[in-house]
Amino acid sequence: MAEPAEARAVTQLLLDWRRGNAAALDELVPLVYQELRRVAQARIRQEPQGHTLQATALVHEAFVRLVDLNRVTLTDRTHFFAMAARLMREVLVDYARRRRSDKRGGGATLLTLDGLAVAAPGPAVDVVDLDRALEELTAFDARAGRIVELKFFVGLTLEEIAEALEISHATVERDWASAKAWLYRRLAAGAVS
350 MAEPAEARAV
360 TQLLLDWRRG
370 NAAALDELVP
380 LVYQELRRVA
390 QARIRQEPQG
400 HTLQATALVH
410 EAFVRLVDLN
420 RVTLTDRTHF
430 FAMAARLMRE
440 VLVDYARRRR
450 SDKRGGGATL
460 LTLDGLAVAA
470 PGPAVDVVDL
480 DRALEELTAF
490 DARAGRIVEL
500 KFFVGLTLEE
510 IAEALEISHA
520 TVERDWASAK
530 AWLYRRLAAG
540 AVS
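Heads up: the sequence shown begins at 350 in the working numbering, then just goes up one per residue.
Derived by calculation from the structure, the hints in this document are not laboratory data. There may be inaccurate statements among the hints.
[Stated by the list, open to error] Computed spacing ranges between beta-carbons, pair by pair:
| id | residue 1 | residue 2 | range |
| --- | --- | --- | --- |
| 1 | T487 | A356 | 37 to 43 Å |
| 2 | H409 | D365 | 32 to 38 Å |
| 3 | A491 | A358 | 17 to 23 Å |
| 4 | A526 | N370 | 40 to 46 Å |
| 5 | F489 | H409 | 31 to 37 Å |
| 6 | A406 | A530 | 16 to 22 Å |
| 7 | E522 | R448 | 32 to 38 Å |
| 8 | R481 | R357 | 22 to 28 Å |
| 9 | S450 | R394 | 37 to 43 Å |
| 10 | A354 | E515 | 16 to 22 Å |
| 11 | A391 | A538 | 25 to 31 Å |
Idealized CB from N, CA, C, for every residue including glycine.
Using the sequences provided together with the hints, build the complete structure.
Laid out in C-alpha coordinates, this is it:
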(Lines of atoms letter the chains of each structure in order from A and count residues from 1; the text may use other names and numbers.)
(Lines give C-alpha, C1' and ligand atoms only; values in the text may rest on other atoms or scores of the structure.)
Protein backbone atom coordinates (compact mmCIF):
# COMPACT_ATOMS: atom_id res chain seq x y z
CA MET A 1 0.00 0.00 0.00
CA ALA A 2 1.00 3.60 -0.37
CA GLU A 3 2.83 5.58 2.24
CA PRO A 4 0.41 7.65 4.35
CA ALA A 5 1.58 10.94 2.78
CA GLU A 6 1.07 9.58 -0.75
CA ALA A 7 -2.35 8.17 0.18
CA ARG A 8 -3.33 11.57 1.59
CA ALA A 9 -2.08 13.31 -1.57
CA VAL A 10 -4.12 10.97 -3.79
CA THR A 11 -7.19 11.49 -1.62
CA GLN A 12 -6.80 15.28 -1.76
CA LEU A 13 -6.33 15.26 -5.53
CA LEU A 14 -9.44 13.08 -5.94
CA LEU A 15 -11.43 15.55 -3.84
CA ASP A 16 -10.06 18.49 -5.84
CA TRP A 17 -10.85 16.73 -9.12
CA ARG A 18 -14.40 15.99 -7.92
CA ARG A 19 -14.81 19.70 -7.12
CA GLY A 20 -14.00 20.53 -10.75
CA ASN A 21 -10.27 21.23 -10.61
CA ALA A 22 -9.11 19.73 -13.91
CA ALA A 23 -5.45 20.34 -13.00
CA ALA A 24 -5.85 17.88 -10.11
CA LEU A 25 -6.25 15.07 -12.63
CA ASP A 26 -2.92 16.02 -14.22
CA GLU A 27 -1.26 15.76 -10.81
CA LEU A 28 -3.08 12.54 -9.92
CA VAL A 29 -2.01 10.51 -12.96
CA PRO A 30 1.74 10.33 -12.13
CA LEU A 31 0.94 9.35 -8.54
CA VAL A 32 -1.24 6.38 -9.50
CA TYR A 33 0.04 5.32 -12.93
CA GLN A 34 2.80 2.93 -11.83
CA GLU A 35 0.51 1.19 -9.35
CA LEU A 36 -2.22 0.83 -11.99
CA ARG A 37 0.36 -0.54 -14.41
CA ARG A 38 1.53 -3.08 -11.80
CA VAL A 39 -2.06 -4.20 -11.29
CA ALA A 40 -2.62 -4.42 -15.05
CA GLN A 41 0.58 -6.43 -15.58
CA ALA A 42 -0.50 -8.89 -12.89
CA ARG A 43 -3.89 -9.28 -14.57
CA ILE A 44 -2.37 -9.69 -18.04
CA ARG A 45 -0.03 -12.42 -16.72
CA GLN A 46 -3.14 -14.39 -15.73
CA GLU A 47 -4.51 -14.23 -19.25
CA PRO A 48 -3.85 -17.07 -21.70
CA GLN A 49 -0.72 -17.15 -23.80
CA GLY A 50 -1.27 -15.24 -27.02
CA HIS A 51 -3.50 -12.66 -25.33
CA THR A 52 -2.98 -9.47 -27.32
CA LEU A 53 -4.17 -6.80 -24.88
CA GLN A 54 -1.15 -5.12 -23.29
CA ALA A 55 -0.93 -3.78 -19.73
CA THR A 56 -0.51 -0.20 -20.93
CA ALA A 57 -3.64 -0.45 -23.08
CA LEU A 58 -5.55 -1.97 -20.17
CA VAL A 59 -4.52 0.92 -17.88
CA HIS A 60 -5.39 3.52 -20.49
CA GLU A 61 -8.80 2.01 -21.27
CA ALA A 62 -9.64 1.68 -17.57
CA PHE A 63 -8.52 5.27 -16.96
CA VAL A 64 -10.64 6.57 -19.85
CA ARG A 65 -13.64 4.79 -18.38
CA LEU A 66 -12.80 6.13 -14.93
CA VAL A 67 -12.65 9.72 -16.17
CA ASP A 68 -16.00 9.21 -17.93
CA LEU A 69 -17.63 8.06 -14.67
CA ASN A 70 -18.69 11.48 -13.49
CA ARG A 71 -21.52 9.93 -11.46
CA VAL A 72 -19.07 8.07 -9.19
CA THR A 73 -17.61 9.85 -6.20
CA LEU A 74 -14.10 8.59 -5.52
CA THR A 75 -13.42 9.39 -1.91
CA ASP A 76 -9.89 8.11 -1.30
CA ARG A 77 -6.95 6.16 -2.69
CA THR A 78 -8.42 2.77 -1.78
CA HIS A 79 -11.74 3.58 -3.42
CA PHE A 80 -9.91 4.85 -6.50
CA PHE A 81 -7.92 1.62 -6.91
CA ALA A 82 -10.97 -0.54 -6.21
CA MET A 83 -12.89 1.29 -8.94
CA ALA A 84 -9.89 1.05 -11.29
CA ALA A 85 -9.74 -2.70 -10.66
CA ARG A 86 -13.45 -3.06 -11.38
CA LEU A 87 -13.00 -1.13 -14.63
CA MET A 88 -9.99 -3.28 -15.62
CA ARG A 89 -12.18 -6.31 -15.03
CA GLU A 90 -14.85 -4.80 -17.30
CA VAL A 91 -12.25 -4.06 -20.00
CA LEU A 92 -10.98 -7.66 -19.87
CA VAL A 93 -14.50 -9.09 -19.98
CA ASP A 94 -15.45 -6.84 -22.90
CA TYR A 95 -12.24 -7.85 -24.66
CA ALA A 96 -13.00 -11.55 -24.08
CA ARG A 97 -16.55 -11.14 -25.38
CA ARG A 98 -15.31 -9.38 -28.52
CA ARG A 99 -12.72 -12.08 -29.16
CA ARG A 100 -15.34 -14.77 -28.63
CA SER A 101 -17.73 -13.14 -31.09
CA ASP A 102 -14.90 -12.48 -33.57
CA LYS A 103 -14.14 -16.18 -33.70
CA ARG A 104 -17.60 -17.08 -35.06
CA GLY A 105 -19.04 -17.79 -31.66
CA GLY A 106 -16.18 -19.92 -30.41
CA GLY A 107 -12.88 -19.59 -28.68
CA ALA A 108 -13.50 -18.64 -25.09
CA THR A 109 -10.72 -16.61 -23.52
CA LEU A 110 -9.30 -18.69 -20.70
CA LEU A 111 -7.22 -17.77 -17.69
CA THR A 112 -5.92 -19.70 -14.74
CA LEU A 113 -7.21 -19.23 -11.25
CA ASP A 114 -4.06 -20.10 -9.35
CA GLY A 115 -5.03 -17.60 -6.68
CA LEU A 116 -8.44 -19.23 -6.33
CA ALA A 117 -7.40 -22.87 -6.33
CA VAL A 118 -8.33 -24.64 -3.12
CA ALA A 119 -6.83 -28.11 -3.24
CA ALA A 120 -5.39 -28.34 -6.73
CA PRO A 121 -3.93 -26.02 -9.33
CA GLY A 122 -6.65 -23.82 -10.76
CA PRO A 123 -8.34 -24.89 -13.95
CA ALA A 124 -8.41 -22.75 -17.04
CA VAL A 125 -11.53 -20.63 -16.76
CA ASP A 126 -13.30 -18.39 -19.21
CA VAL A 127 -12.93 -14.78 -18.04
CA VAL A 128 -16.58 -14.12 -18.89
CA ASP A 129 -17.62 -17.06 -16.67
CA LEU A 130 -15.42 -15.72 -13.87
CA ASP A 131 -17.10 -12.34 -14.18
CA ARG A 132 -20.57 -13.91 -13.99
CA ALA A 133 -19.59 -16.06 -11.01
CA LEU A 134 -18.14 -13.05 -9.21
CA GLU A 135 -21.37 -11.13 -9.84
CA GLU A 136 -23.35 -14.04 -8.35
CA LEU A 137 -21.05 -14.17 -5.32
CA THR A 138 -21.32 -10.42 -4.81
CA ALA A 139 -25.12 -10.58 -5.04
CA PHE A 140 -25.35 -12.72 -1.91
CA ASP A 141 -22.12 -11.69 -0.14
CA ALA A 142 -20.98 -8.23 -1.18
CA ARG A 143 -17.99 -8.19 1.18
CA ALA A 144 -16.68 -11.52 -0.12
CA GLY A 145 -17.09 -10.27 -3.68
CA ARG A 146 -15.17 -7.13 -2.83
CA ILE A 147 -12.40 -9.18 -1.20
CA VAL A 148 -12.06 -11.35 -4.32
CA GLU A 149 -11.97 -8.27 -6.51
CA LEU A 150 -9.29 -6.59 -4.39
CA LYS A 151 -7.23 -9.79 -4.14
CA PHE A 152 -7.59 -11.12 -7.67
CA PHE A 153 -7.95 -7.95 -9.74
CA VAL A 154 -5.95 -5.45 -7.69
CA GLY A 155 -3.44 -7.85 -6.18
CA LEU A 156 -3.71 -6.56 -2.62
CA THR A 157 -2.50 -8.74 0.23
CA LEU A 158 -4.96 -9.91 2.86
CA GLU A 159 -3.49 -7.36 5.25
CA GLU A 160 -4.00 -4.55 2.74
CA ILE A 161 -7.58 -5.70 2.11
CA ALA A 162 -8.30 -5.70 5.85
CA GLU A 163 -6.99 -2.15 6.06
CA ALA A 164 -8.88 -1.01 2.97
CA LEU A 165 -12.19 -2.49 4.12
CA GLU A 166 -11.58 -1.59 7.75
CA ILE A 167 -12.21 -5.13 8.98
CA SER A 168 -10.04 -7.61 10.84
CA HIS A 169 -7.41 -9.70 9.12
CA ALA A 170 -9.14 -12.84 10.46
CA THR A 171 -12.42 -11.79 8.83
CA VAL A 172 -10.65 -11.23 5.50
CA GLU A 173 -8.95 -14.64 5.74
CA ARG A 174 -12.26 -16.34 6.52
CA ASP A 175 -14.17 -14.55 3.75
CA TRP A 176 -11.35 -15.10 1.24
CA ALA A 177 -11.23 -18.84 1.99
CA SER A 178 -14.98 -19.28 1.65
CA ALA A 179 -15.23 -17.08 -1.47
CA LYS A 180 -12.32 -18.89 -3.07
CA ALA A 181 -13.90 -22.27 -2.38
CA TRP A 182 -17.31 -21.11 -3.62
CA LEU A 183 -15.87 -19.72 -6.86
CA TYR A 184 -13.71 -22.76 -7.44
CA ARG A 185 -16.71 -25.11 -7.03
CA ARG A 186 -18.92 -22.87 -9.14
CA LEU A 187 -16.44 -22.57 -11.98
CA ALA A 188 -15.27 -26.19 -11.86
CA ALA A 189 -18.87 -27.39 -12.08
CA GLY A 190 -19.56 -25.09 -15.00
CA ALA A 191 -22.67 -23.99 -13.12
CA VAL A 192 -22.36 -20.32 -13.96
CA SER A 193 -25.65 -19.20 -15.42
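Checked hints:
Range check, T487 to A356: about 26 Å between beta-carbon atoms, so the 37 to 43 Å window is missed. Evaluation of the 32 to 38 Å hint for H409 and D365 yields a failure: the beta carbon distance comes to about 22 Å. The hinted window of 17 to 23 Å between A491 and A358 is violated, with their beta carbons roughly 29 Å apart. Checked against the given bound of 40 to 46 Å, the beta carbons of A526 and N370, roughly 43 Å apart, stay inside it.
Range check, F489 to H409: about 34 Å between beta-carbon atoms, so the 31 to 37 Å window is met. Distance hint check: the CB atoms of A406 and A530 are about 33 Å apart, inconsistent with the given range 16 to 22 Å. Distance hint check: the CB atoms of E522 and R448 are about 35 Å apart, consistent with the given range 32 to 38 Å. Separation of R481 from R357 is about 37 Å and departs from the stated range, judged on CB atoms against 22 to 28 Å.
Checked against the given bound of 37 to 43 Å, the beta carbons of S450 and R394, roughly 25 Å apart, lie outside it. At roughly 20 Å, the beta-carbon separation of A354 and E515 lies within the given 16 to 22 Å, and the hint holds. The supplied range of 25 to 31 Å is met by A391 and A538, whose beta-carbon atoms lie about 27 Å from each other.
Consistency note: the structure conflicts with the earlier hints numbered 1, 2, 3, 6, 8, 9.
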